[in-house]
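A.B. asks: Model the full assembly from the supplied sequences, consistent with the hints where possible.
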Amino acid sequence: MSFQRSIRLWPLTLLLFLLACQPQTIVETVEVTRMVENTVVETRVIEVAGEEVAVEVTRVVEPTAVPVPQGGHVIYSNFADANTFNPVLGNDQASSDVYSLMFLGLTQLDPFSGSIVGDLAESWDISEDGLTYTFHLRPDAVWSDGTPVTAQDVVFTFDAINNDAVASPRRGDFASVASWAVVDDQTVEVTMSALDCTILANIGTGIIPAHVYGSDPTAIPENPENTAPTVVSGPFQFQEWVADDHVTLAANPTYFRGAPNVATWTMKVYADQSAELAGLLAGEATYTSPVGPAFVSVIEGQIASGTPLSMRKYFDNGFTFLGYNLANPENPQNGWDDLDGDGKYTEGEPPLPQDPHPILGDLAVRQAIANSIDYQGIINQVAFGQGGPIVANVWPSIEWAYNTELEPYTQDLDKARQILDDAGWVDSDGDGVREKDGKRLSLSLMTNAGNEKRENIGVLLKDVLAQVGIEIQLDFLEFGTVVQRLVGQTYDMIVIGFGGGAPDPDDTNLFSYINDEPGAGFNFASYYNPVVEENLAKGKAVAGCAEAERAPYYHSNQVEIYNDLPASFLHVDLENTVWWNNLEGIDPNVWSREYNVQEWYFTN
Amino acid sequence: MTTYLFRRLLQAIPTIFGVTLISFLIMQAAPGDPVQIMTFSPTFTAADRVRLAHELCLDRSLPEQYLVWLVGDLRGECQMRGIFRGDFGESFFERRPVLELFMERVPATLELTAVALILGGTIGLFVGVLSAVKRATLFDNIARLFSVLFDALPQFWFGLLLIMFFSVQLGWLPVGGRLPLNKPDITLVDRARHLAMPSFVLAISWIALMSRFMRAETLEVIRQDYVRTAWAKGLEPSKVYFKHAARNALVPIVTILGPAITSLITGAVVIERIFSWPGMGRLTVDAVSSRDYPIVMGSVIFGALVVILGNLLSDFLLVAVDPRIRLQ
Numbered sequence: 001m002s003f004q005r006s007i008r009l010w011p012l013t014l015l016l017f018l019l020a021c022q023p024q025t026i027v028e029t030v031e032v033t034r035m036v037e038n039t040v041v042e043t044r045v046i047e048v049a050g051e052e053v054a055v056e057v058t059r060v061v062e063p064t065a066v067p068v069p070q071g072g073h074v075i076y077s078n079f080a081d082a083n084t085f086n087p088v089l090g091n092d093q094a095s096s097d098v099y100s101l102m103f104l105g106l107t108q109l110d111p112f113s114g115s116i117v118g119d120l121a122e123s124w125d126i127s128e129d130g131l132t133y134t135f136h137l138r139p140d141a142v143w144s145d146g147t148p149v150t151a152q153d154v155v156f157t158f159d160a161i162n163n164d165a166v167a168s169p170r171r172g173d174f175a176s177v178a179s180w181a182v183v184d185d186q187t188v189e190v191t192m193s194a195l196d197c198t199i200l201a202n203i204g205t206g207i208i209p210a211h212v213y214g215s216d217p218t219a220i221p222e223n224p225e226n227t228a229p230t231v232v233s234g235p236f237q238f239q240e241w242v243a244d245d246h247v248t249l250a251a252n253p254t255y256f257r258g259a260p261n262v263a264t265w266t267m268k269v270y271a272d273q274s275a276e277l278a279g280l281l282a283g284e285a286t287y288t289s290p291v292g293p294a295f296v297s298v299i300e301g302q303i304a305s306g307t308p309l310s311m312r313k314y315f316d317n318g319f320t321f322l323g324y325n326l327a328n329p330e331n332p333q334n335g336w337d338d339l340d341g342d343g344k345y346t347e348g349e350p351p352l353p354q355d356p357h358p359i360l361g362d363l364a365v366r367q368a369i370a371n372s373i374d375y376q377g378i379i380n381q382v383a384f385g386q387g388g389p390i391v392a393n394v395w396p397s398i399e400w401a402y403n404t405e406l407e408p409y410t411q412d413l414d415k416a417r418q419i420l421d422d423a424g425w426v427d428s429d430g431d432g433v434r435e436k437d438g439k440r441l442s443l444s445l446m447t448n449a450g451n452e453k454r455e456n457i458g459v460l461l462k463d464v465l466a467q468v469g470i471e472i473q474l475d476f477l478e479f480g481t482v483v484q485r486l487v488g489q490t491y492d493m494i495v496i497g498f499g500g501g502a503p504d505p506d507d508t509n510l511f512s513y514i515n516d517e518p519g520a521g522f523n524f525a526s527y528y529n530p531v532v533e534e535n536l537a538k539g540k541a542v543a544g545c546a547e548a549e550r551a552p553y554y555h556s557n558q559v560e561i562y563n564d565l566p567a568s569f570l571h572v573d574l575e576n577t578v579w580w581n582n583l584e585g586i587d588p589n590v591w592s593r594e595y596n597v598q599e600w601y602f603t604n
Numbered sequence: 605m606t607t608y609l610f611r612r613l614l615q616a617i618p619t620i621f622g623v624t625l626i627s628f629l630i631m632q633a634a635p636g637d638p639v640q641i642m643t644f645s646p647t648f649t650a651a652d653r654v655r656l657a658h659e660l661c662l663d664r665s666l667p668e669q670y671l672v673w674l675v676g677d678l679r680g681e682c683q684m685r686g687i688f689r690g691d692f693g694e695s696f697f698e699r700r701p702v703l704e705l706f707m708e709r710v711p712a713t714l715e716l717t718a719v720a721l722i723l724g725g726t727i728g729l730f731v732g733v734l735s736a737v738k739r740a741t742l743f744d745n746i747a748r749l750f751s752v753l754f755d756a757l758p759q760f761w762f763g764l765l766l767i768m769f770f771s772v773q774l775g776w777l778p779v780g781g782r783l784p785l786n787k788p789d790i791t792l793v794d795r796a797r798h799l800a801m802p803s804f805v806l807a808i809s810w811i812a813l814m815s816r817f818m819r820a821e822t823l824e825v826i827r828q829d830y831v832r833t834a835w836a837k838g839l840e841p842s843k844v845y846f847k848h849a850a851r852n853a854l855v856p857i858v859t860i861l862g863p864a865i866t867s868l869i870t871g872a873v874v875i876e877r878i879f880s881w882p883g884m885g886r887l888t889v890d891a892v893s894s895r896d897y898p899i900v901m902g903s904v905i906f907g908a909l910v911v912i913l914g915n916l917l918s919d920f921l922l923v924a925v926d927p928r929i930r931l932q
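Going down the list, the protein sequences come from chains A and B.
Each residue of the first sequence is one higher than the last, beginning at 1 in this note's numbering.
Each residue of the second sequence is one higher than the last, beginning at 605 in this note's numbering.
Bear in mind the hints are in silico, worked out from the structure with no lab data behind them.
This structure is a prediction, so every number in the text was calculated from the model and none was measured.
All C-beta atoms, glycine included, are put in the ideal place defined by N, C-alpha and C.
Heads up, none of these hints are tricks.
Stretch-level coverage of chain B by chain A, calculated; a stretch enters the list once three of its residues show a Cβ under 8 Å from a Cβ in chain A:
hint, region
1, 630 to 643
2, 648 to 655
3, 700 to 710
4, 761 to 768
5, 892 to 905
For the chain B half of the interface with chain A, some residues (derived, Cβ under 8 Å), not all of them:
hint, residue
6, S771
7, G781
8, S880
Listed next, the stretches of chain B that the computed footprint assigns to chain A, with coverage defined by at least 3 CB atoms under 8 Å from CB atoms of chain A:
hint, region
9, 783 to 797
10, 882 to 888
C.D. replies: See below:
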């Protein structure tokens with residue numbers, strides 16, 4: 001242990017010069033300590049939309065107390081419970097929070113950049129044609145019962161995901177995988193049916209132990225291991241689950257990166273974010289992530305008054321956006337011409353021209369809306385300052401794919417009015433609402449009731465759009481209804497958001513015509529642009545998948561989507577993790593909070 | 605009595621199926637689709653959703669879906685199992701038998717409800733009798749004021765207030781949960797600390813109702829001749845009030861016990877959310893939001909059983925407190 005050093009990040013100063021019409025500076029000082037094997041001094045600068053968002057880190061290395069204190073119980077608060085501890089069946093964040101500490105995948109995300117790095121796989125080779133991936137497993141990776149993690153486990157897991165009887169939600173991840181096979185105990189070969197650079201991210205699903213689950217993947221859904229796993233490969237092993245109350249995991253002494261210093265890790269389930277905050281402040285929880293934007297000032301006040309808490313902020317991999325339906329909501333159609341009449345998209349079927357939305361089908365209206373929105377006002381007033389600008393459909397945390405050349409839209413009401421005037425939308429009857437060809441410029445805007453942030457965005461939008469002559473009917477609906485209307489494509493506009501997104505910028509599911517399928521597809525805007533289609537196809541199919549070679553396709557797509565406006569991207573959330581200072585070593589980041597959980601320890 | 609019990613339980617079967625059919629139709633009539641909610645993420649393709657709908661039998665007609673829920677998929681094309689298998693079918697989201705999910709949570713709900721019932725019943729009974737005995741005194745006025753207040757207080761607000769005061773400010777009681785974490789020997793005191801706030805908040809409306817009823821009934825009863833006789837015999841006031849008067853005052857109250865139990869169990873849904881109590885509340889509310897029909901239908905059966913058993917309990921208790929009544 002003598003080589004271990006404590007890196008005391010003292011001080012760590014984040015200077016965030018947020019772009020937008022009203023540039024804003026946030027200065028934070030955070031003290032963080034973590035255990036690492038090597039000293040790393042790092043300075044990072046991130047550019048967002050051509051403006052400076054600089055993160056300067058100064059690290060002063062100090063010797064660590066040896067030995068590191070052992071024991072203690074880490075309690076993570078969450079407002080949802082897990083459903084399963086089997087990564088083959090898991091489909092929700094809370095389950096993933098727990099099983100990712102028990103079952104490792106072939107690959108994982110680099111906590112700082114989101115790039116794909118090895119986990120159970122020590123390395124991998126890609127064939128010259130880019131279609132065959134050969135993964136080499138770590139020889140020191142073992143299950144907690146002492147059995148080595150082998151290629152058979154990987155193949156068993158992939159078989160299970162693709163078995164009809166298992167009905168795994170992960171199956172779509174393997175859409176471009178043709179086959180997988182054991183080469184030897186330590187080597188797995190995955191063959192693709194087509195080049196697909198998203199595969200390394202998709203294939204990172206947790207691997208389950210074949211020798212415990214038995215030879216029959218069809219029995220997996222009913223296996224008691226799903227709710228009480230006995231054998232694991234990650235830093236923690238299952239100890240106890242009281243449904244809707246807590247899940248407790250105990251340190252796994254056989255973990256190949258070293259047994260965790262703490263004795264247990266528990267996910268404590270609270271009713272909602274306000275109960276989570278109460279649990280944290282009462283000292284029941286050791287850390288929580290995230291504290292809701294409305295409560296960030298409470299934590300900041302506590303820290304300012306000397307409460308021994310720390311908070312780390314980072315931009316989320318997701319966004320909140322105003323979605324437009326470009327097609328007629330009274331006539332939802334598939335985006336592809338169903339030539340073979342099988343009711344589903346078959347490769348090669350061409351795009352089908354859509355019946356355009358009577359109002360939003362006019363690009364000028366979307367441009368006017370995009371120029372009317374008070375983006376910074378939404379961040380300041382609705383997100384309580386906990387957000388940043390975003391130009392288009394790629395979130396800034398995927399640094400290599402984010403287009404820094406584009407300027408985010410800003411509010412310019414005169415420009416919005418001019419665009420509408422030029423397009424022939426005028427208020428001829430003086431009622432404050434414009435008309436054209438007998439159509440009133442009146443639209444409905446829906447979001448899910450109870451989501452205060454989205455409701456407030458809706459209210460702000462209604463107010464500001466009235467100023468340029470656009471009438472908005474707000475519909476705050478129950479979530480299931482919103483989803484049905486959205487996916488069914490029977491809406492005008494929606495305020496919605498996605499968080500915890502993938503580390504890959506490929507968003508074929510959102511913007512390709514092949515996923516424009518009312519009731520099932522996620523291209524609910526009915527968006528079609530041949531340039532975007534080509535970029536999506538080429539960006540995914542770069543041989544070798546080098547980020548630098550893929551980036552131009554996604555940069556180009558952002559320009560297209562920025563101009564076409566199938567959606568107005570409102571902001572990216574500034575997420576956070578808050579913890580009590582007696583927990584040392586925690587180093588949360590957008591791509592992972594617990595990547596170094598085995599190094600955490602309590603000082604008292 | 606056994607014949608009566610058997611007959612009532614037999615009558616309950618068509619009632620329960622009627623309730624499930626109606627709730628199934630209401631759920632289906634409500635907008636929202638479980639597969640769309642389950643896959644509400646850009647990571648899923650249109651093909652994923654179509655496949656999942658097929659695997660969960662959700663691409664069938666309504667009568668077929670109801671039949672699948674009853675007897676499972678006879679065609680063997682999808683993975684769903686029927687309630688006749690004995691486990692209430694399988695949750696779409698959790699992919700586990702509904703009965704298993706219930707068994708993990710029902711004890712917590714029953715524990716909370718039972719404690720609230722006992723707590724509310726005891727406090728309500730004593731306060732009601734004393735209010736009647738000390739009619740128009742300061743105690744009576746305060747008791748009546750609290751009775752109105754407890755009825756009017758929104759429980760979710762009162763619960764949050766208690767959490768902020770007793771948990772965050774004073775640190776005396778836990779914010780939520782049923783048991784302490786990482787404590788090998790859990791004592792009765794540990795359980796009581798976790799139960800204190802949720803059971804009290806759940807009980808307040810029951811306290812209000814019970815004390816008002818008891819006060820009114822006791823006022824009626826203490827004017828009766830047999831109470832005067834008890835006084836004449838020289839009995840202790842406590843015996844007169846609680847043995848002679850209260851027992852008779854309880855007769856009409858027993859009739860509201862069944863509905864009260866039902867109301868407490870349904871009320872527990874809200875309280876469980878506030879205090880993060882791991883009972884049926886979160887499961888049921890989440891299932892309705894996510895259109896997890898098997899759980900919703902199971903919850904409906906559970907609710908119907910509670911109503912039926914609560915009313916049965918009322919009938920039996922009525923016989924116990926009033927020997928003049930016979931079950932037929």
